[in-house]
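Going line by line, the protein sequences match chains Y and R.
For the first sequence, position 20 matches number 20 in the UniProt record's numbering, and the numbering has no gaps at all.
For the second sequence, position 427 matches number 427 in the UniProt record's numbering, and the numbering has no gaps at all.
Since the hints were derived computationally from the structure, they do not count as laboratory data.
Treat each hint with caution, since some may be false.
To be verified - Reference excerpt, derived from the structure (chain R facing chain Y, CB under 8 Å, subset only):
1) Lys-175
2) Leu-177
3) Leu-288
4) Leu-318
Claimed, not checked - Each pair of labels, with its calculated beta carbon distance range:
5) Y/Phe-413 <-> R/Gly-341: 27 to 37 Å
6) Y/Glu-127 <-> R/Arg-52: 42 to 52 Å
7) Y/Lys-268 <-> R/Lys-206: 24 to 34 Å
8) R/Ala-234 <-> Y/Leu-108: 51 to 61 Å
9) Y/Ser-200 <-> R/Lys-206: 34 to 44 Å
10) Y/Glu-231 <-> R/Asp-213: 15 to 25 Å
11) R/Ala-158 <-> Y/Ala-201: 23 to 33 Å
For each residue, glycine too, the CB sits at the ideal point set by N, CA and C.
There are 2 protein chains.
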Amino acid sequence: MKNQELALVIGNAIEQEQFDTALEQLTPLRPIDIADILAEIAPSLAWRLLDRLPNRATVFSYLDADVQELLARAFPRANLARVVGEMPSDERTDLYKHLDQAQKDALLPALAQAKREDIRKLAAYQEGTAGALMSSDYATLEPNMNVSTALATLRVEAPDAETIYHAYVIDSERKLLGVVSLRALILAAPHTLMHNLMISAPVHCKVDDNQEDVAKTVARYDLIALPITDEHGALVGIVTHDDAMDVASDEATDDFHKSGGVTSIVGKLKDASIGVLYRKRVFWLVLLVFGNLFSGAGIAHFEDIIAANLVLVFFLPLLVDSGGNAGSQSATLMVRALATGDVVMRDWFRLLGKETLVALCLGATMAVAVSAIGYMRGDEVVALVLAMSMMSVVMIGCVVGMSLPFVLNKLGFDPASASAPLITSVCDASGVIIYLFIASRFLALG
Amino acid sequence: MKNQELALVIGNAIEQEQFDTALEQLTPLRPIDIADILAEIAPSLAWRLLDRLPNRATVFSYLDADVQELLARAFPRANLARVVGEMPSDERTDLYKHLDQAQKDALLPALAQAKREDIRKLAAYQEGTAGALMSSDYATLEPNMNVSTALATLRVEAPDAETIYHAYVIDSERKLLGVVSLRALILAAPHTLMHNLMISAPVHCKVDDNQEDVAKTVARYDLIALPITDEHGALVGIVTHDDAMDVASDEATDDFHKSGGVTSIVGKLKDASIGVLYRKRVFWLVLLVFGNLFSGAGIAHFEDIIAANLVLVFFLPLLVDSGGNAGSQSATLMVRALATGDVVMRDWFRLLGKETLVALCLGATMAVAVSAIGYMRGDEVVALVLAMSMMSVVMIGCVVGMSLPFVLNKLGFDPASASAPLITSVCDASGVIIYLFIASRFLALG
Numbered sequence: 001m002k003n004q005e006l007a008l009v010i011g012n013a014i015e016q017e018q019f020d021t022a023l024e025q026l027t028p029l030r031p032i033d034i035a036d037i038l039a040e041i042a043p044s045l046a047w048r049l050l051d052r053l054p055n056r057a058t059v060f061s062y063l064d065a066d067v068q069e070l071l072a073r074a075f076p077r078a079n080l081a082r083v084v085g086e087m088p089s090d091e092r093t094d095l096y097k098h099l100d101q102a103q104k105d106a107l108l109p110a111l112a113q114a115k116r117e118d119i120r121k122l123a124a125y126q127e128g129t130a131g132a133l134m135s136s137d138y139a140t141l142e143p144n145m146n147v148s149t150a151l152a153t154l155r156v157e158a159p160d161a162e163t164i165y166h167a168y169v170i171d172s173e174r175k176l177l178g179v180v181s182l183r184a185l186i187l188a189a190p191h192t193l194m195h196n197l198m199i200s201a202p203v204h205c206k207v208d209d210n211q212e213d214v215a216k217t218v219a220r221y222d223l224i225a226l227p228i229t230d231e232h233g234a235l236v237g238i239v240t241h242d243d244a245m246d247v248a249s250d251e252a253t254d255d256f257h258k259s260g261g262v263t264s265i266v267g268k269l270k271d272a273s274i275g276v277l278y279r280k281r282v283f284w285l286v287l288l289v290f291g292n293l294f295s296g297a298g299i300a301h302f303e304d305i306i307a308a309n310l311v312l313v314f315f316l317p318l319l320v321d322s323g324g325n326a327g328s329q330s331a332t333l334m335v336r337a338l339a340t341g342d343v344v345m346r347d348w349f350r351l352l353g354k355e356t357l358v359a360l361c362l363g364a365t366m367a368v369a370v371s372a373i374g375y376m377r378g379d380e381v382v383a384l385v386l387a388m389s390m391m392s393v394v395m396i397g398c399v400v401g402m403s404l405p406f407v408l409n410k411l412g413f414d415p416a417s418a419s420a421p422l423i424t425s426v427c428d429a430s431g432v433i434i435y436l437f438i439a440s441r442f443l444a445l446g
Numbered sequence: 001m002k003n004q005e006l007a008l009v010i011g012n013a014i015e016q017e018q019f020d021t022a023l024e025q026l027t028p029l030r031p032i033d034i035a036d037i038l039a040e041i042a043p044s045l046a047w048r049l050l051d052r053l054p055n056r057a058t059v060f061s062y063l064d065a066d067v068q069e070l071l072a073r074a075f076p077r078a079n080l081a082r083v084v085g086e087m088p089s090d091e092r093t094d095l096y097k098h099l100d101q102a103q104k105d106a107l108l109p110a111l112a113q114a115k116r117e118d119i120r121k122l123a124a125y126q127e128g129t130a131g132a133l134m135s136s137d138y139a140t141l142e143p144n145m146n147v148s149t150a151l152a153t154l155r156v157e158a159p160d161a162e163t164i165y166h167a168y169v170i171d172s173e174r175k176l177l178g179v180v181s182l183r184a185l186i187l188a189a190p191h192t193l194m195h196n197l198m199i200s201a202p203v204h205c206k207v208d209d210n211q212e213d214v215a216k217t218v219a220r221y222d223l224i225a226l227p228i229t230d231e232h233g234a235l236v237g238i239v240t241h242d243d244a245m246d247v248a249s250d251e252a253t254d255d256f257h258k259s260g261g262v263t264s265i266v267g268k269l270k271d272a273s274i275g276v277l278y279r280k281r282v283f284w285l286v287l288l289v290f291g292n293l294f295s296g297a298g299i300a301h302f303e304d305i306i307a308a309n310l311v312l313v314f315f316l317p318l319l320v321d322s323g324g325n326a327g328s329q330s331a332t333l334m335v336r337a338l339a340t341g342d343v344v345m346r347d348w349f350r351l352l353g354k355e356t357l358v359a360l361c362l363g364a365t366m367a368v369a370v371s372a373i374g375y376m377r378g379d380e381v382v383a384l385v386l387a388m389s390m391m392s393v394v395m396i397g398c399v400v401g402m403s404l405p406f407v408l409n410k411l412g413f414d415p416a417s418a419s420a421p422l423i424t425s426v427c428d429a430s431g432v433i434i435y436l437f438i439a440s441r442f443l444a445l446g
């Protein structure tokens, strides 16, 4: 609410060209907070204030892609080019990729030659790779520089670098030799040479590495920034800790959605259209309807035993669900453990053994519970049928739920696609058939 | 495999007291990689090598809590106290909290007075708060220091501080006045005073803030470290970006598990015992069995209509599952959006409207699919019953799935507890009753 009120006040000030009043309200705020307020103001007004902010490029970078695009349309070309020119290279490239062709064609010629080339280079990397995530704004040093020269170099590079807390030592062919921290620099004697001060063979990723691996590497080694190299070992960019944290969060959201049977949604749920929400969800739901052809066929096959023992129907929803629920639990544990790296492919066999034992215990508990209810509603034969069926259904659910993420991973799919609806579907059909098969062995045809 | 082989070689070297050989293998590695290898070696051997590593405290900090505890038992008291004394304050406190009383009593007197007090202070904060997460190793400056003095101060504080890239300006009562970055320091003229250089009223959290909010604040403002203040505004600690990233990942895992119907597991899945896995999963599964009493009662009530129209049973698993699946999708989207902050409580009403429209579209699609199959197996009346039931079941599933996380949040529970098994349970009973009720209006009793 407060943001919206402030946005109203500031919007009015801009309309009356009282830019100083508006700037006074905004300048004490952090860039992302300013961005949140500007997002509430009409683009035709907002660009005029944004253009006057000392940290306009940073603020612009924090806006959502769709707001950036609207503002880019409102901005006069020369002013837009100036703001875009000041943006960090990774944010600039992301913006460029979101513009339509006409906007791209208008913007590019207005940018300096070096920035144009930088955009073209960065935009060429495939989405989801380290290349598409990295920034080309990093500080470099030479191996034979001493500490005084290195500090002087960093002072010059600071305005354009995303971080100067890590500087990268490269040779004449830009090959990554080592990393020097600013902490080490200010603690070292002035004449120390970089090749003595640097950490050699630093942790790095390749441009075509998956962004998930980049985020994991940053997290594992607690890095402020991770250097990215090309196929020749030359330094081409860095990924900073904050971008890695965003990737980790996006990947978690993605896995979360997939596990719930929603193909991933790009952007904020609040802003997603009904059409997008429908399309992302309908696939798994309808697939289930057709998966039901199997359980339906199972029921048709055992129609006589059901007709003679209607008590079986009481427990059909429960037995069918229990397999799916136990399986979803197993899949949830595996999918997340594979995502965080707690579990790797070669652990499958050992985990399968453990899962089987857990499933036995869970199945036994469930069997006791369900057969107690079965005995009350039916007799001891019904109780026995239910106990045996529940045992089997839970075992199958657990083994399927546990193995499916591994199988999907092995086949090159995302293990998170082992979603609750998929496992429910598989367990439905097998649950129905097992239950009625066991029933047909023990119960009379009437 | 490589780690295990290296661990074998190094374990042998330690047994033969060839420490130089062992150290030669380890020193080029990063601390966390050394920790992974030491974890594979018997504690009675591992401590002897760890004690000789120049970065022993850092390596020790990277070990899992259970390995730390085993090593702490193997270490002679004086050596352990030395390593523990060198550890970062947050890691030291975590270790201390994991030790048993006898170990605590042995360790405390061997530590320096200041470290003892620091442990007592940090260990007093409640788990899950900023206080329990923060480190007391930060660098402070005074407002009237100039740049030269500030840099000299940071050089002195550097060995003990978690970061010197952000230093905190405090007054004589330790009240947090501002933050100065090392970047600003090395760019500023030597005589600039801190109160002119600092960013005033910096972003900070309170000691009793939830650790999830701490992680969100670090992510939102892209911070390297977040200062933590007490109720008087005095600086008492910092949370670094890497610890915030770990919290974000742990919280995501926790939500993921809860959504899958697993009460959260502490530690790595690979190492979890069968007993722990059983206990974390059995609750939701057994609850479902008793939830089934309701759907069972529904079926009992409509027994005659089922007996006369056995074709209804074919579609029972499908109808029951569809509500649960659609509901799980809704809940998944809401739980994650609430966790990332994309959606807040006051959005509920607007989202409910959107969800209802999405549910209408999804329900209609499913109704068409299921009534086609129903027509093939039965007749046009069965097709109509199925279409109407499917519509209702999907609508109910979506509204329940969407609202439950909000309701739980409002009641003070974790919204992630709106798990797939819970929603399945609710949708089972309502699905069965709606389906059979509609059938009883349209189908004859035979």
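Here is what the structure says about each hint:
| no. | hint | verdict |
| --- | --- | --- |
| 1 | Lys-175 | violated (19 Å) |
| 2 | Leu-177 | violated (15 Å) |
| 3 | Leu-288 | holds (6 Å) |
| 4 | Leu-318 | holds (4 Å) |
| 5 | Y/Phe-413 <-> R/Gly-341: 27 to 37 Å | holds (30 Å) |
| 6 | Y/Glu-127 <-> R/Arg-52: 42 to 52 Å | holds (47 Å) |
| 7 | Y/Lys-268 <-> R/Lys-206: 24 to 34 Å | holds (28 Å) |
| 8 | R/Ala-234 <-> Y/Leu-108: 51 to 61 Å | holds (52 Å) |
| 9 | Y/Ser-200 <-> R/Lys-206: 34 to 44 Å | holds (42 Å) |
| 10 | Y/Glu-231 <-> R/Asp-213: 15 to 25 Å | violated (42 Å) |
| 11 | R/Ala-158 <-> Y/Ala-201: 23 to 33 Å | holds (24 Å) |
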